[in-house]
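Novice: With the hints as your guide, set chains P and G onto chain D.
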Amino acid sequence: MLSALARAQAAATGVAQPLTTVGHLHAAAAPLVCVPLALAGETLAPLAALVGTDRAAPRLLVVPQPRNRDLRFAFAAALAAEVLPYLDARRGATEDVPADRGRQVRVRYLDAPQVWVPNPGGVEFVRLLGRSLRFRRTDGEHPVPAAVPRLGCWLTFLADRAELPGSALLVAATAALGAHWATGQSAVEDAHLPALLAWIDPPEGRTGAGAAAAAEDPAVTPPAGPATDPAFDRDVLAPLVAAYDRGAPDAPGRLAAALRGQLTPAWDAVWRAYDLLAALPPGATVAARWGQDRDAFTGYAAHLDEGGLPQPRHDSAVAAAARLHRLERAAATYALQRAYDDPLVLADHRLAGEAFRGEVVLADPTRVDDSGRRPVLRPRITVRSADPLHLAPGTALCAPGRPKQRATLVSVEGRDAVLELRGGMGRGRTPEAGSVPEVGEVVTYTTLTDAFAPAPAFPAPEDTPWTHGGPPADPAGGDPRGGAEVPGDPPAGAPPEPVPAG
Amino acid sequence: MTDTVAAALARVRGPAAPVRHNARTIAALTGNPDCRRRAVLDAAGVDKTALAQYVGHPARYGQSPFAIIRGHAFEARVKADGYAALRALVAAKLPGADVAGPAVDLGDGGADNAARYARTRAVLGGDEVALADHPLLRLSVAGQHVYLEPDLVACRVAGRLHVVEVKSFPVLDGRADPAKVAAAAVQAAVYVLGLRELRAAGGADPDAVATDALLVCPRDFGHEPTVAVLDLRRQVAVLRRQLRRLARVADLLADLPADFTVDLGGEGGAPARPPGAVAAALARLAARYTPDCLAACELAYHCRAEAAGSTAALGPAVREELGGVPDVAAVLAYADGAPPADPTQAEAAAVLRRAARLRAEALAGAAVWEC
Amino acid sequence: MWQAAGMESTAAARAREVTDAVLADLAAGVHRGVVVDSPPGAGKSTLVVRAARELAATGAATMIVAQTNEQVDDLVDRIAGADDRLRLGRLSAADYRPTPRVARHRNVRVAAKPADLDAPAVTVGTAAKWATVAEGTWPWAIVDEAYQMRADALLRVAPRFDRALFVGDPGQLDPFSTVDTGRWTGVSWDPMQSAVAVLLRHNPDLPLHRLPVSWRLPPSAAAVVAEAFYPDAPFTAGTAPGVRRWALDGPPVDAYDDTLDTAARTGWALHSLPPAFTPRTDAEAAAACAALAGRLLSRGATATCERTTAPVTAERIAVGAAHRDQVAAIRSALPPHAAQVTVDTANRLQGREYDVTIVLHPLSGRRDATAFHLEAGRLCVLTSRHRQACVVVARAGIPALLDAYPSREPVHLDTPVRFPDGWAAHHALLEHLAATAH
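Protein chains in written order, with the numbering used here: chain D, 1 to 502; chain P, 1 to 371; chain G, 1 to 438.
Fair warning: there could be bad hints in the mix.
Below, simulated SDA-like cross-link-like pairs (lysine to any residue); rule was C-alpha separation at most 20 Å, straight line [claimed, not checked]:
no., chain 1, residue 1, chain 2, residue 2
1, P, K180, G, T181
2, P, K93, G, S188
3, G, K129, G, L117
4, D, K404, D, T430
I should point out that these hints are in silico values taken from the structure, not numbers from a laboratory. On a predicted model such as this, the values are computed, not experimentally measured, just so you know.
Just chain D, same shape as in the assembly (with noise of 0.2 Å):
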């Protein structure tokens, strides 16, 4: 509802509304831009891309003839060329993480790669590849070097982690700008990053409405890729591969010409889009989401040098249930991290009637619960607040404040809201000084909550059972189904980061 308003609010005032307070996206210090184009028909035929870390200076590889096998694993040799040591220059200096409760100690890289790229589809590239590049074998009818599957299995890495809610390993520009402004036109045409950089960022004297209006004419901005613009092929790209099967002396450099002409622009747009996401002070948990990016990369890159196996081009039955879990439990906990860093966010869910807002007018902090086998503390307190108290007894509440503090709605009366309070309060009879709410503070509670349950057991994929199709042939996670987790992500149950308060 307030992105809505805030949709309308732009397209009233021509320029871009920001959606959000902080920046909830990580910007690294050393990002990899990836600008990529294929040919259109194909599954995938790359044709051409700009990558680097360097704004000031991309690479430019092409594939002249991209349904020439070979020029397109010289494309991926070429790509890997300039990705592998990006990722390799990630891997200095560690950190100790305590795990398992202080017990044991994790070590983590203290940087992870951060690749951008311009839309989903750019995501969709990655994935794609690295799909036809994973498997490639060094020997046989048609050995690649070792860089090629190896490239395959960090984009696989890559596309992967993208899908999950919060990660920052691989970023599609749009999607990170519209998850934090609002522009005065559609989610589909946002898609199309020119445009949607228009509106957000217009250039000197233009509303972002005609900035955006301008940035749609493939002739005059060309699209920020994949897909080509088809005037393009037919007119320029069409022609200038004929020249170069036919032998044409000229005909690589103008190609090679046409297509930096194609991409440059999308180049600059995902650096000026980093810029403006690198600007936004970050919310307080970024650095922790981070972090288990930081976790992941750290585990897939051990995963990888102790030889380890390409990603199964299926899901087992097993590691199917696995990921979902961890996907389903990385959205609860990025949905509320966003509420808790950002007034805005949580503004939503007040409208929304999921969380209020109000003042302490009442507390009972040493409040115990008597009617049990032992005795707890269970402090209650009266808020009193603007907000539409909706919700119905009972319904658990939490405190962006005070995230270990589990509250229940014990009974709304008007204007006032009485909850009882269980948990974050030290071990002693009475609570810790300031653990409980005073009277005249200012609280806001939510219905947003991350209650781990206990990790989930999900059976060994060799004890697949029989409602779902019994063991795989190759629970070992070789080609091309099974393997139970995916290297890199943490165990299952591991417990998440702890999440700063205040």
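Specialist: Chains P and G alone, transformed into the frame defined by chain D:
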């Protein structure tokens, strides 16, 4: 169709040659079924591409020559050597399928539509032919007979006719782009209806046309074909209902002024009328613009320009979130506390006012964390 | 009346035939699984209780997997009440306090671990709780509400049993997720499928039974619900026309009374509001839902069924809506004397039963339909909770809204098409409501 409706549609179009419906335009009927503008213009056979260009908002889609070449090459591969690849795929997919019988190409020769249709009817009404390529079908759309020239094969398996769609998008690890499959399914459903009309017209059992179509696509990264079975029961039901509704084009025409036309004004449809006048005429025929139109209709950019300032232009989900208030100016006025112009919008106005307050409060940094 | 009685006994005979066939399949032990589709109120719980007792009688330990704690308590209560010598275990979370209907049975033991239950004949727990049990196997499981259970949840409990009876209602809401699950669509073990779907894709030869009689829905509803939502699995009402009846006591005054009287006469009523595009929490529609419930109670109504004649109290009335904020709006609009009326979302009304239900139509006041609002299971749950009558509250103009719906739903390869289609089901129900109006 009555003469008056036919005459009215001819007047809407003007002297330009009519653009015929094809499977894609019929499929589009289910994409935005409530757009009166599209319904009338398509029924009248108006060249929407030319019209959009003329009023200054040309359509922005085309197909890359690379995609066209690849599509043709793939189709040729599937059909090569007497449809050998297709026969093998079908036999493997539908166990017990006997597709060894003769194949006939109904597309060759310079025969006119009526003759080709008659020949198609004869071939597909009988049961000797296992594969029929390039049949000519006919479908009643808004009272008109529309000829369809599917680039398809009708394939007979166990006495039932199956539509075969050959598409050049890939099936990778058993999955294909769901939007592309959906488009193929709707087109195939158009052909199912066409085949059923053809069987019925020839006195044969229309139900011998299966609602299971066969979709042939390249597998993984290569050019080898693979086949999937598409269950079209939903698509056939939706199309049937929409085609029935379309019979009401006469009602739509009745709502228009008697002299309504989008004729460009010159000889044989050549441009003469000022573009502004054509756009003004178009404005009298209500469009139901949604951003999804941009990928589906030649006139969409014009309709979008018309919709500027409306919440519809922001997308249906946003409009719904804004309480269904139709224009942006009203949304902002309500957000500022203006009283609702329309009593049914009072509630939306209240919510918007509260939303604006919460948004302003958060942006102003008023809600710094307690404790 | 002998005809009506005859019809009921025929229905009972048909239902018993199916139940007997199910139990025979279990006893034969030829198949590892048996699936029973049960339309709304077709005696699913009765079947589960009977199957549990028969399996217990063979001496085989049986585990029962239900989806919510409420369902577990219901089953414990029913099984324990049916046989006070049968020893039952109620598997629960550590902080669970037995509800009165569990605590009153002396043959029920409650514990957080199977080992602490003292090897009962039947152990009952939620799917989430069973998923935490890492050891032991049970010769038999009964999986209740199996269409509400996700395939990934079944994966976690399936290692615990050798054979299983799966019981559920295929017309209810599909499982859902908050994340994009596209990477698994088409895969046979897609975790987003229902437990039954994944089971049958890997074991297509398992026997599938269908309970043929709804004992909840009156004849006025059974035909409509069966046709709109169960096109492949027809069922009939267990009672003859005229056996279920109810009437309002006080005199009619306004349009609410007309609606209620129509519902009393025909079993259905459409309470139509003037067309308007509104926010989801349409105050007028919420007020109408609340007022209908209030009026029903203030006029007073008496319902007669094959079992008894009794007043329709607040506990016997429910109001259903699609969204939580709508539920909140309706709840806050209830007059004080109707405060005990149940108001809830379709998700939470699944499996529950009332005399009269009032439904806020999911498409009321909207400009556009969406897949969520068209979902057949949602409408099916909302319109199949009643023993007497169902009142649908809606803004005018929904048929046009349905016709304008753009059919652009994505199509996935190798994924069975779900029937019925929500769009068609909505049309069918509205046509019936229009026909019964006044």
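Novice: Hints the structure violates: just list their numbers, smallest first.
Specialist: none
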